[in-house]
Each structure stands twice: as C-alpha cells, then as structure tokens.
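Construct the complete structure from the given sequences, taking the supplied hints into account.
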Amino acid sequence: MATVVYALGDDISTDVIYPGRHMATVLPTETPQFAFADDAAFNGKLKAREIAPGSVVVAGKNFGCGSSREQAVSCLKGYDLVIVARGFARIFLQNAINLGLRVATCPTIEASVGDELEVGAAEVVNQMAKKRYAMVPLPASRQAIIDAGGLIPYTRQRLVAAK
Amino acid sequence: MGMTVVQKILARASGLKAVAVGDVVEPRVDLAMSHENAALVINQFLEVYAGTGLVPRVWDPERVAIIFDHRVPAESPKTATNQKKVREFVTAHQIKRFHDIRGDVGGICHQILPESGYVRPGAVVVGTDSHTTSHGALGALAFGIGATEMASVWALGAVLNVEVPPTIKVVARGAFRDYVSPKDLILKLIGDLTAEGANFRVLEFHGETVRRMSTSGRLTLCNMSVEAGATSGIVPADDETLRYLRDEAGVTNSVEPVTPDADAAYERTIELDVSDLEPQIACPHTVDNVQPLANVAGRKVHQIVIGSCTNGRLDDLAVAAHLLEGRKVAADTRMLVFPASAKIFRQAIELGLVATLMRAGAVVMNSGCGPCLGVHEGALGDGEVALSTTNRNFKGRMGNPKSEVYLCSPAVAAASAVTGVITDPRTSGGGN
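If you're matching them up, the sequences are chains A and B in order. Here my numbering runs 227 ahead of the position in the first sequence, where the first position is 1. Here my numbering runs 372 ahead of the position in the second sequence, where the first position is 1.
Hints are all accurate, no fakes.
The calculated DSS-like cross-link candidates involving lysine-lysine, where the alpha carbons are at most 25 Å apart (straight line), are: (1) B:K560 / A:K288; (2) B:K767 / A:K288; (3) A:K288 / B:K774; (4) A:K274 / B:K450; (5) B:K774 / A:K272; (6) A:K272 / B:K767; (7) B:K767 / A:K274.
One-sided and incomplete, this derived list gives chain A residues near chain B with beta-carbon spacing under 10 Å: (8) A251; (9) T252; (10) A264; (11) N289; (12) R296; (13) N322; (14) A389.
Hints were generated in silico from the structure; no laboratory data involved. Glycine is no exception: its CB is placed at the ideal position from the N, C-alpha and C atoms.
Have a look at this one:
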C-alpha cells in the first residue's frame with residue numbers, strides 16, 4: 228500500500244518537474260533537491276524527508292512532456308517515488324525505464340492526495356474509493372530493460388556478450 | 373504493403389528488408405549528438421564499462437557530435453567545469469564533430485548539424501535533446517533520447533529495443549499569405565493534435581506547401597513536431613533537400629533520398645489548407661493552447677525573443693529586420709535576438725540585419741539556447757509576459773514560474789516589438 232502525496236493534472240512538463248535553470252546539476256545524488264523546485268511546499272516536504280519512500284504521485288495525460296533531460300527522472304527516483312499517470316510522454320517513459328523509476332500507465336486513474344493505492348503488476352487499486360484501474364502493460368522489449376535492472380546493466384550485458 | 377519513410381529507414385538501419393509498425397528493431401546509429409549534457413552521458417558511459425575489464429571506447433568517434441549551446445559562454449563555475457570535462461573526453465576519444473564556444477563554428481546544435489552537412493536523408497540521428505526531431509527536415513529519422521540511452525549508443529552504436537512507430541501523414545496545401553509562415557502552420561497543427569496527439573508516432577509532411585518550403589521552414593516544422601508528442605517529424609527528401617545540402621551545407625558526396633511507397637500505410641491523414649491561415653499564438657502554459665492572433669491581440673508584452681533552434685535562422689532575422697527598419701522597439705519592451713548559429717550571425721551582420729535590429733533597440737546576443745529555457749540570460753520578472761519565437765511556453769520555462777510566455781512567428785514578434793502589445797504584422801504598418 229502506498230499513499231498519494233501529490234496529485235497533478237495533464238501535460239506536466241519536465242520544466243515543472245525539474246526546472247531548466249538547474250540543468251547544470253546532473254548527478255543523481257544531487258538532482259533530487261530540485262524536484263518540483265517551483266512548488267516550494269512540495270519540494271520542501273521532499274527535502275525534509277517528510278515523504279515516505281514508495282509514495283505515489285498521480286498525474287493526468289502526457290506526464291513528463293517536453294525536454295529529454297534525465298534529471299526529471301533521477302530527481303524523482305532519488306525519493307523512490309512511484310508515478311501513476313493516465314499517460315507518459317515518450318522520452319520521459321523511456322528514461323524512467325532506463326533508470327528504474329517506477330511508473331504505471333493507468334489511463335483512467337482517479338485519486339486524490341491521501342488516498343491509499345495498491346500498485347500491482349496489471350492494475351492499480353484505490354482502497355479509498357474501492358475502485359480498480361487497469362494498467363497498460365509495457366511491451367516485452369521494454370520490460371527486458373527493467374528486468375535487467377536498467378539500461379546500464381542491460382547494455383553492459385550486451386557489451387560483455389559481444390566480446 | 374508499402375512502407376513509410378520511417379519504416380524504410382529503420383529497416384535499412386536494422387539490416388532488414390522490411391519492418392512493420394510495432395516490430396522491435398535495433399537500428400544502427402549514423403549520428404549521435406549531445407550538448408552540455410554530454411557531461412552526464414560520460415558518467416553513464418563509464419558506468420556501463422564498470423567491472424567489465426573492458427576499456428571504455430566510443431563505438432565510432434566519426435559519428436559522435438558534441439555541440440556546446442545550452443549555457444554559452446558558461447554562466448557558472450559548475451557549467452564551466454562540466455564543459456572542461458567534456459573537452460577532455462572529446463580529445464581523449466578523438467571526437468571530430470565537436471563545436472566549442474566559438475564565433476566561427478559555434479551555435480545551436482539543431483542548426484549546426486544541418487549546416488555542417490552532418491545530417492543526410494535516410495540517416496538515423498539520435499540526440500540527447502528533445503528537439504532532435506528537427507533533423508527530419510532533411511529526410512532523416514531523428515529523435516530525442518536520454519543521457520543513459522546515449523551512453524548505450526556510444527558503447528554499442530545502436531539504439532536498443534526501438535518499436536517501429538506508426539506514422540501520421542500531414543498534407544499541407546495552398547500558399548501562405550504575407551507574414552504567415554511555417555511557424556503558424558506547425559502551431560495550428562499542434563493546437564489541433566494536442567500536446568500528446570502524436571505521442572509515440574511520427575509526423576510525415578507532404579503537400580505542395582511543404583514541397584515549396586525552404587529547408588529553414590521545414591526545420592521549424594520538424595523541430596516543433598515534438599510539441600505534439602511526436603517521436604520525429606520528417607519531410608521526405610526532395611530537390612530542395614539536395615539544394616540545401618549542396619549549396620548551404622557543403623555536401624559533395626552522393627546523397628540518396630528515401631521516399632515513402634505509394635501504398636504506405638498511415639495511421640491517419642491530416643489535410644490542412646494554409647491559404648486562409650491566420651498568424652497563430654500558443655498561449656500560456658501549454659504549446660497546444662493555440663489561438664488565432666486576433667483572439668489575443670493587444671496583450672501587453674515586456675520581452676520579445678527572436679531566435680533559437682526553432683526560428684533563429686537568416687530568413688527569420690530578415691523578416692524581423694524588414695519590419696523593424698527605421699522603427700523602434702517600444703520604450704517599455706525589451707527585445708532579445710539570438711541567431712541559431714555563428715554562421716547565421718555573421719551572414720546577418722554582412723547583410724546589415726544586425727545593424728537594423730540594433731538601431732531599432734534590439735539586443736543581439738551570441739548563438740545559444742539560453743533564454744528559451746531560462747538557463748542563461750533573458751529571465752523574466754514576476755508577472756512579466758514574453759512573446760517568443762522559441763518552442764515552449766511551459767510554466768517556468770523562461771526561468772520564472774510567475775511569468776507567462778506566448779509563442780509566435782518572427783514576423784509577429786517583430787511587429788509586436790514596435791507596439792509593445794501582441795500585434796498582427798499585416799496591419800502594423802511596417803515593412804515599407
């Protein structure tokens with residue numbers, strides 16, 4: 228069970244998730260401090276470690292649209308957040324898979340801050356509303372990267388196998 | 373069943389005769405581009421090799437391009453140190469296509485790649501920048517990837533697990549009216565499609581309007597295709613592509629255009645007639661919030677921005693200079709101009725465009741991305757409004773979440789600079 232800590236609408240851009248002015252910071256150990264930097268309240272809770280690891284951010288369609296900046300993924304992974312959205316922009320979704328940020332595409336999800344969600348392999352259950360929402364599974368080709376532990380180990384396996 | 377351009381390119385690059393939508397392929401990469409975020413790519417690249425006993429080596433230094441553009445010249449010690457680290461890597465790995473902060477070969481990556489002749493029809497181009505879609509203007513399949521994905525490309529020379537995307541065919545007919553441009557066409561299309569309407573899909577551009585369009589205009593179309601979520605925009609190569617490569621990009625060796633089969637299968641076809649198209653404006657805070665200019669005419673603007681990979685080319689600066697000749701930027705409005713490359717900047721100087729813009733009151737800055745994404749110069753004050761020829765207007769995009777950004781064509785930006793409010797260039801009285 229995980230608590231929804233942030234509920235967002237459609238088209239949340241990477242400029243909102245990780246503002247461009249912090250792009251010179253690239254290390255995954257340093258990017259979390261700027262997660263949702265323009266929302267001082269939520270950013271403050273994250274930095275104060277008031278948000279439990281495994282907590283859920285819910286969002287509408289096209290989450291992560293815009294820039295390819297990987298900081299928008301590493302900053303969320305730093306807090307071990309789970310993103311349940313009605314849809315993800317392509318590059319953000321691929322970056323999440325590559326870095327191991329947990330994401331679930333759930334086209335009809337409805338949830339509010341404080342709701343308790345169960346994020347399974349095929350569906351998300353909102354315990355508060357007693358409703359179940361089907362997830363769109365990842366294609367097998369994408370799942371293989373997750374199963375390898377991310378794109379770095381996946382590429383490493385390929386590299387070693389080729390030698 | 374025939375193939376779209378993207379299917380043909382992916383089939384060739386994957387060593388296959390044919391591919392179908394949804395197939396998973398591993399295309400070989402012809403060009404792998406990064407900017408300052410090469411600093412992160414380097415970290416991830418070295419991590420790939422950790423514990424393998426193998427010496428980290430870029431698969432093909434001839435196919436890697438690195439262009440500094442996001443924060444040039446460096447705005448902070450952190451950026452300067454990252455740039456230094458990238459320079460050292462470039463030297464150690466003998467990467468030839470490196471464009472440092474320079475007045476001869478510098479500029480914005482999405483202008484440097486085409487004008488340097490690095491992009492060819494039929495090529496697979498990946499870049500650690502979402503606007504890599506731009507290079508579809510030359511008939512290449514070009515798409516944005518993250519830094520870790522690029523580290524994998526540097527190691528293996530291929531993109532792993534690419535699903536062949538469906539293609540939406542866009543057919544544009546008619547001639548633009550005066551001061552209406554490809555920027556207005558792509559804004560209209562994004563408004564119609566919505567910001568996720570082409571997510572995981574490719575936009576393939578056709579029709580007499582596109583055939584007659586310069587490569588500069590095609591770069592604008594493909595550049596902003598990503599704002600509808602598209603993996604890539606692509607204009608099948610034609611005579612104009614060959615002219616551009618020969619005359620403007622110095623390409624002398626053979627070029628093989630890739631065209632779609634007559635019976636290629638498209639997910640859908642969108643037809644547009646531009647002959648009655650009005651100037652378009654993308655309003656805050658999403659790029660698909662597009663309105664005809666008339667709906668927002670008169671809105672006060674504090675900062676005009678002309679430039680970027682979207683609209684910082686010579687024809688963009690020329691229309692702006694034409695409208696500002698002998699006139700002045702409004703007293704309470706600032707105007708920033710940043711050409712897309714040093715080469716374009718020099719051409720604009722030689723043609724007198726820079727002097728015209730400066731006499732009008734514009735500040736002409738060095739080539740770079742800075743103001744577009746709020747990383748370097750041109751920040752907005754609380755409550756201020758920008759009108760910009762760039763590509764994004766997300767909340768906080770220009771460095772301040774308490775500001776607003778409207779997007780438009782260079783002609784609209786220039787006409788509005790004179791009045792200080794959003795103004796239709798066709799009625800502004802300029803350009804005589």
